[in-house]
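Q: Need the complex rebuilt from these two chains, each delivered in its own frame; the hints are there to steer you.
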Amino acid sequence: MIAALVAAAIAVSDAWSRPAIGTGVVYMRVNNRGDVADRLDAARTPVARVVEIHESRDESTSMKGMAMTGVMSMQRVRTLTIPAHGTVTLAPGGYHLMAIDLRHDLHPNTQFPLQLHFARSGWTTVTVRVRPI
Amino acid sequence: MLASVAALLARALLPSGPLATDFTLTDQDGKPYTLSAHRGHVVALFFGYAHCPDVCPTTLAALARAKRKLGAAGTNFDVVLVTVDAARDNPAVLKRYVHLFDPTFTGLTGTAAQLGPVYDAYHVYHEIAPGKGSANGYIVAHSSAVQFISPEGRLRGTGDWSDTPDELATLMQQARS
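Chains A and B, in that order, give the protein sequences. For the first sequence, this note's numbering assigns the number 651 to the initial residue and increments by one for each residue that follows. For the second sequence, this note's numbering assigns the number 177 to the initial residue and increments by one for each residue that follows.
By construction, these hints were calculated from the structure, which means they are not laboratory data. Hints are supplied without guarantee of correctness; some may be wrong.
Unchecked claim - Restraint ranges, calculated between C-beta atoms of paired labels, are given here: (1) A/T731 to B/S338: 19 to 29 Å; (2) B/N266 to A/R699: 17 to 27 Å; (3) A/A661 to B/S338: 22 to 32 Å; (4) B/G216 to A/A661: 47 to 57 Å; (5) A/T775 to B/Y314: 25 to 35 Å.
Stated by the list, open to error - Taking beta-carbon pairs under 10 Å as the criterion, some of the chain B residues facing chain A (in silico): (6) H227; (7) P229; (8) D230; (9) R241; (10) A305; (11) A311; (12) I315; (13) V316; (14) A317; (15) S319; (16) S320; (17) A321; (18) D336; (19) S338; (20) D342; (21) E343.
Given the structure is predicted, the values throughout are model-derived calculations rather than measurements. Note that the Cβ used here is the ideal one computed from N, Cα and C, for glycine as well.
Isolated chain B, as found in the complex (with noise of 0.2 Å):
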């Protein structure tokens, strides 16, 4: 019981939190995306790569449904990814990963010198990890955490890769509160 509330609070998003970091990146279309350009919608970015197999869908196919659940509530919802693979992400493969999930997501990729500072600013852990003797190439160990950013441009709190569509649907109407 104890253990069950905790876990709820741990889920509770901040009733306000620092301004996000503003950045511009380049989106699935090729076309510049600048957060602060995206006020007065809930932001959920997420940081991952196409070629991972697990759980960056897991976490792409769970913020669809949570989406699709809000339904008109979901339209003002905007779900971004940044990769943490712009080797192998040009705007057009991501284009073709994010609508596999949903139409309206983004997917975003810079050069490495436009990527750093948005890492660094959200406290993205990545490192390019040799396969192992795996015939993948290379696997990227990434930060599951998606953070929620409010209309007003805040940073709201998280949630990751193993939460229910259910959750994430919640943490996103906590966001626009």
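Okay, chain A solo, but in the shape it has when bound (with noise of 0.2 Å):
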């Protein structure tokens, strides 16, 4: 019964996928409605062998005395915050779930299913839409 409740402060919309091979993106809003911040930790889904955590960064700032901007590189986060009352968006050029080893290539308009695992809240499962281009 308080699992439930718990369970229900954390809401995820508009989890969308661009069509791909090899390795996939997951983007998305997570919202937590409680009182107490969450972390997402794990995430898993029958289209990949593994799903991680990404950033996307503007590495250009480090690239120091070198005429060069825009270069973007990615690093995996173990775990992304929720704070309480707060929404976390996951979008392109920032966090992202990656989809690795992706078991077959992602098209335009199909969609799959996701779980992702919350610290406090537990497992909830969300269906990825691939959008067209």
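A: Right, here's the structure in full:
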């Protein structure tokens, strides 16, 4: 009973992906209506071997002495904190889920299930839509 | 207001520019692709890789939408992805990848000896970074600029991954004029 109430604190919306081969992406909005912070700490999907949380960053400023702009890189992050009464948006160029070793190509206008684990709220399943170009 | 004017100016291409360095690489069908053979077209040159899940698909999707927005005016507009990950991106992989976005897109690869001078000529930074605990094998940090080459073969300026399809469509039209 209590677990169900806690789980209801997390709401995931607008989960979407892009066409991909090999490595896919998932973006979404995570809202925490609860009074305590929660953490996204794991994810899995039948369409990929592994799902990780990554963050894209503009690394240009770290290229000291080089006239480089727009150098983008990614880094794995272990957990993503969703503040109490807060929303975290996973969006292009920032936080995203990386679906590694896709078992098939992701084609536009298809969808797949994704399970997300939150440290306090447990597992929840969402449907991810592969957006058309 | 001033900031938005500055942003608008930053998005504009130069009226002219230096001749784009010519190169020959291998396309997604395993055939040679020579840049200078595409005079008369606007070429949007982008460097990325098929295992890139975020920035590269964002850019390619926006370029595909921009091209579609232009309709008939977009027919002589070539989007060319040059891989920064030749170890994984062979022609067959590139074909599957770029054609997910638009069947007219070109994907190029080559040997290290062929690609190195192209990266240098177009000021493309790329670095293979170990996955740092990721199951993705490795990640390639790379320049995300889209370089616009005019029908006369001149480098006219750049866009990047964060540009909207409308912004990219405007740059495409500027590159033609």
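Q: For each hint, tell me whether it holds in the structure or not.
A: Hint check:
1. A/T731 to B/S338: 19 to 29 Å: Since the Cβ atoms of A/T731 and B/S338 sit about 25 Å apart, the hinted range of 19 to 29 Å holds.
2. B/N266 to A/R699: 17 to 27 Å: About 21 Å separates the Cβ atoms of B/N266 and A/R699, which means 17 to 27 Å holds.
3. A/A661 to B/S338: 22 to 32 Å: Holds, since A/A661 and B/S338 (Cβ atoms, about 28 Å apart) stay within the stated range.
4. B/G216 to A/A661: 47 to 57 Å: holds (52 Å)
5. A/T775 to B/Y314: 25 to 35 Å: Given range 25 to 35 Å: holds, Cβ gap about 31 Å.
6. H227: holds (4 Å)
7. P229: Result: holds, 4 Å to nearest chain A Cβ.
8. D230: holds (5 Å)
9. R241: holds (6 Å)
10. A305: With Cβ-Cβ at 6 Å, under 10 Å, it holds.
11. A311: The hint holds - B/A311 has a Cβ within 10 Å of chain A, the shortest such distance being about 4 Å.
12. I315: holds (5 Å)
13. V316: holds (8 Å)
14. A317: Since the shortest Cβ distance to chain A is 4 Å, the answer is holds.
15. S319: holds (5 Å)
16. S320: holds (4 Å)
17. A321: holds (5 Å)
18. D336: Holds - the Cβ of B/D336 comes within 10 Å of chain A, reaching about 5 Å at its closest.
19. S338: Nearest chain A Cβ about 6 Å off; hint holds.
20. D342: violated (15 Å)
21. E343: violated (14 Å)
Comparing the model with each numbered hint stated earlier shows that hints 20 and 21 do not hold.
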